[in-house]
Structure formats: structure tokens, C-alpha cells
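Novice: Sequence:
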Amino acid sequence: MQDTAPLVVGIDVGGTKTQLRAFAGGTLVADHVRSSSGWRPHDPVAAAGWLAALAADALPAGARPSALAVGGHACETPRQCAQIRTALQPHVDAPALVVGDAELLVPAAGLDKGVGLVAGTGSVAVGRLPDGTPVQVGGWGAVLGDEGGAAGLVREAARAVWAAHDRGEEPDELALALVASLGVPEVPALGAALERATDVSAEWGRHAPAVFAAAEAGSPLARAVIADAGRSLAALVARLGARGVPVDDVVVAGGTVLSQSTLYDAFTAALAETVPSARARPLRVPPVEGAVALARSLL
0 MQDTAPLVVG
10 IDVGGTKTQL
20 RAFAGGTLVA
30 DHVRSSSGWR
40 PHDPVAAAGW
50 LAALAADALP
60 AGARPSALAV
70 GGHACETPRQ
80 CAQIRTALQP
90 HVDAPALVVG
100 DAELLVPAAG
110 LDKGVGLVAG
120 TGSVAVGRLP
130 DGTPVQVGGW
140 GAVLGDEGGA
150 AGLVREAARA
160 VWAAHDRGEE
170 PDELALALVA
180 SLGVPEVPAL
190 GAALERATDV
200 SAEWGRHAPA
210 VFAAAEAGSP
220 LARAVIADAG
230 RSLAALVARL
240 GARGVPVDDV
250 VVAGGTVLSQ
260 STLYDAFTAA
270 LAETVPSARA
280 RPLRVPPVEG
290 AVALARSLL
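Residue 80 in numbering that gives the first Met the number 0 sits at position 81 of the sequence shown, with consecutive numbering throughout.
Quick caveat, the hints were computed from the structure, so don't treat them as lab data.
Mixed in with the good hints, there may be bad ones.
Stated by the list, open to error - Okay, the calculated beta carbon distance ranges per label pair:
no., residue 1, residue 2, range
1, His41, Pro275, 52 to 58 Å
2, Ala55, Gly217, 52 to 58 Å
3, Ala81, Ser260, 37 to 43 Å
4, His41, Gly243, 26 to 32 Å
Please read all numbers here as calculations on a predicted model, not as lab measurements.
C-beta: ideal position from N, C-alpha, C; glycine also.
Using the sequences provided together with the hints, build the complete structure.
Specialist: Written out as C-alpha cells, the structure reads:
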């Protein structure tokens, strides 16, 4: 039987893992983590069915949500998110909201406005105009963008190494680290190794630790790549501010930027120069808390 308190359900569908949390009043009813395998955000019907199956598995038998909010990885436009929400309605007879996963960061931090900045495998920044219109910058994937994310760092590191090779320089710590990480015999072979990737973001991103290790070992090339990545992340915030998004608070999440102090410091230093009024706030709670907060707002 449904608890008399409204059951609010929040879901964070990340690039690799998904977390569902549900509360009846102040009581935690479910806290479920699983792989994001099978999540297909560009197919609204499939995405809605995936979410409905997740809720059925994670919630107690017979539980009926009073409100549901989802932050979905690769939900890149309001139109796409609205299509998933529409497809979800037959499964969930309750108010529902679907947004991009980066939009969970600001409510997860207990704020009602600001920027959500993610730098994990990829990178993206989101915010809302004063009238509530969502705005996203970045997030274009490892081939064309995602500067400051793990995959983008590896791409730019390879470019820096190739440029040094073309100048006739001997391989430095960054070149040696990339050659070892990618398992190739020499710098010219890096290109073929990168091009063999079938899942570019994930496969390139796995080699990002080599960039940070090279910087720690003293590579000027690696340090320059990381500094440029920090400036690129700060530029995302600046672009949102230029479009009218309030940027005083920047909630930062993502395994790459929060686990690598050199990148985080490069970002905050660049942010202080480009957007002096902005304050970076590392997210200290799971992003699913933002989905729960959005679900509560629907009641």
C-alpha cells in the first residue's frame, strides 16, 4: 500500500551509472544504483520504457510515485527532454520532469539559480535565464569539443605531443606517458591508436591519468594542456554569463575535475580572471539529490 506521505522519486542517469532515490515524506524508501547500460535518450519511447523498468525494479512493490524527476545523460535539448517526459506519462500517472543530468547540480547544492558545470569524461555547463529558459554550452563530444573533460584532455595532449614531434623535439614525459598508456611503440603511432576507438569518449578518457602523471613528473607540455583545459571550462561559464544566465554560483561536478586538483585549480584561477563575480562550489552530495529536489518541487 502507498504510504500516506507523497512518494517523490529522483533519478540521475549518468554516463556510466544511474542512481534512483525515493522518499515518502522524510523517510528514505529506495536508494538504488545500477549501470546506465541500455539508456537510449535519443529514442524517447525506449528511454521512457527504460526509466519505467528501473522504477519498477527499485521501488517497493505497489509503490506509486507522487512526483518523478529525471536528470538524463545526453538529454541535450528541451525538446528532447520533453519528448521523453511525454513518452513517460503512460508509465507514471503523476507529475514528471525530465532534464539533462547537469541540471541536477544546482538544486543538489540547495540553490535555486546558478551554473552546473560537469567535467568528467566530457564537459558541459548549463544554467537558466531569469525567465526559466534553459541554456547549455559545451557537451559536443570528444571529437569536436568536451574541452576540460578526460577525453578532451587526451585529444589535446596528443595534439601537443604531435606538434612537439613535428618541431623535432625529443619525446618528453607526456609523450612517453601517452605512448605507454596507449600501448604503441612511438609517437607517430598515437593517431592510429586513437582512431581505432569505437566509443571515442570512454576509450580516450581512460588515458587521462597519463596526462596528469606527466604533469606531476614535470612535463611542460602536460602542464600547458591542463592549464588550457581549465581556461576552457571557465570559458563555458563566461559564455553562459554573456547570454544572461546568472553565474555567481558555479556548482562543479565530475570525476575528472574533482579528483584532479591541478585541473580544478587551473579552472578556478581562470574563472577568477574571466568571471570575477563567480564562485566555484564543488558538489559534495550525489547529483541524484538534485533530482529529488526537483521532484519535490512538482508537488
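Novice: Looking back at the numbered hints, which does the structure fail to meet, lowest number first?
Specialist: 1
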